[in-house]
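*Asks:* Sequence:
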Amino acid sequence: MIRTRFKKLVDNCFVEGVRSDQWSDAAADKYAVEIPKHENQGDFSTNIALVLAGIEKRNPREIATQVAQCLERHKDFIDRVEIAGPGFVNVNIAQSVWPQLLKEIEIRHDSFGHSNVGANQRVMVEFVSANPTGPLSIGHGRQAILGDGIARLLEATGHNVYREYYYNDAGRQMRVLGESARARYLELMGKNYQFPEDGYQGQYIYDIARKLIDNHGQSLADTDSVEPFKEAAEESIFEDISATLARMGITFDNYYNEQSLYENGHVDSVVKELTDKGLVYAKDGATWFRTTELGQEKDRVIIKSSGEPTYRLPDIAYHREKFKRNFEWLIDIFGSDHIATVPDVKAGVEALGYDPEKITVILHQFVTLMRDGKQVKMSTRKANFITVDELLDEVGVDAARFFFMMRKPDSQLE
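The numbering of the sequence shown is the numbering used here, which starts it at 1 and goes up by one.
Treat the hints as calculated values from the structure; they're not laboratory data.
Some clues are possibly wrong.
To be verified - In the EDC-like style, the derived pairs of lysine to aspartate or glutamate whose C-alpha atoms are separated by at most 16 Å in a straight line are: (1) Lys-211 x Asp-240; (2) Lys-211 x Glu-231; (3) Lys-30 x Asp-11; (4) Lys-211 x Glu-187; (5) Lys-304 x Asp-284; (6) Lys-8 x Glu-72; (7) Lys-57 x Glu-34; (8) Lys-8 x Asp-29; (9) Lys-8 x Asp-76; (10) Lys-7 x Asp-43; (11) Lys-8 x Glu-34; (12) Lys-304 x Asp-253.
Just so you know, these numbers come straight off a predicted model, no measurement behind them.
Starting from the given sequences, assemble the full structure and let the hints guide the process.
*Replies:* Written out as structure tokens, the structure reads:
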């Protein structure tokens, strides 16, 4: 790559200066090569003279002149060198270089720009991780494209990438989903029904109910169990989610069910291990994690007085299981609403003997839906959302990918 080649030339000039006693080696790896913000400042710029001047207590433009003289010797690669401002060295690449680059692109095709800096390091990227309660919204779409983009970049740099989708098909929200599907089923059958409070609205619930009628007729009308409705809803929604992801060219190596953490004893094992370490205590009927002993501002509840775990507990167990599967780097793509739990999960992982520095959490802001100039709070239950499929129908996959990747994760999207 051209930038890499220019950086090597700057490095060579730095080494030459060290060998000729023009400056010491104290600035090694402290200077940078960047693309200037303005076209009239050249193709590339380096701050090496400014960094050296601060260390050597010399005039930066004097050092910049020495660096420029060194770079000017490479006429086959550099067309022009200029010293700008307090001592930036700006360069224009020779026109003959660009056709060479185009030829390399033609030869390497999709592998152009790839490297092996990752050295086959095993990396897990967890993203999307939407529970099967409704179609993927544009908020999920941002996370899906962000996570897939990061995974592809890591693959292009020689990492061994594993994509995982973490979900929970148990708990109250799934029960309410099943109750919602049951109510719509009874409604379409002309039976008396009671729609659950905070039930899931939206056409997709009617679609699930129609599938139930097609598959079971009236046979479920008198059942008191919500389980067949929940299972049918989960299956239908996951089919839609998978189809949407496939439409965007996004695949996963594994779908990990949170419920398996309980069934396999991983959650209980975490509680026992933390208890044995003296990091768990009971208070007000709840079970608390002594996160203050691990550098946090206050202790956290991990099991409520009702016996229900908080999000922190299964998240700690899940990350321990990731490490047990021998991943060397864990990358989590979360919505910004996870910001409060991240430090506690890392503290829990550290308490269990794993390195929290091997966990990288990327938090992204939500996508804001505007109607008539006013913000609309998106809600899956109230069907106030735009689906990813609706967005793709409108703008296409490539435009959607560009739109979601064009801004930093922590920036708001409207």
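*Asks:* Would you mind marking each hint as holding or not holding in the structure?
*Replies:* Results for each hint:
Using a Cα cut-off of 16 Å, the hinted pair Lys-211 and Asp-240 holds, with the two alpha carbons roughly 13 Å apart. This hinted pair checks out: Lys-211 and Glu-231 have alpha carbons roughly 12 Å apart, not beyond 16 Å. Between Lys-30 and Asp-11, the direct Cα distance comes to roughly 11 Å. Compliance with the 16 Å bound is thereby established for this hinted pair. Restraint check: the Cα-Cα separation between Lys-211 and Glu-187 comes to about 14 Å, which is no more than 16 Å; the hinted pair holds.
A C-alpha spacing of about 9 Å is found between Lys-304 and Asp-284, which places the hinted pair at or below 16 Å, so the restraint holds. Taking the CA atoms of Lys-8 and Glu-72, the gap is about 14 Å. The hint holds against a cut of 16 Å. For the given pair, Lys-57 sits about 24 Å from Glu-34 by alpha-carbon distance, which is inconsistent with the 16 Å threshold. Proposed proximity of Lys-8 and Asp-29 is supported: the alpha carbons are some 12 Å apart, at most 16 Å.
Between Lys-8 and Asp-76 the CA atoms are separated by roughly 15 Å; this keeps the pair inside 16 Å, and the hint holds. This hinted pair checks out: Lys-7 and Asp-43 have alpha carbons roughly 12 Å apart, not beyond 16 Å. Restraint check: the Cα-Cα separation between Lys-8 and Glu-34 comes to about 13 Å, which is no more than 16 Å; the hinted pair holds. As the CA atoms of Lys-304 and Asp-253 are separated by approximately 33 Å, the hinted pair breaks the 16 Å bound.
The structure shown violates the earlier hints numbered 7, 12.
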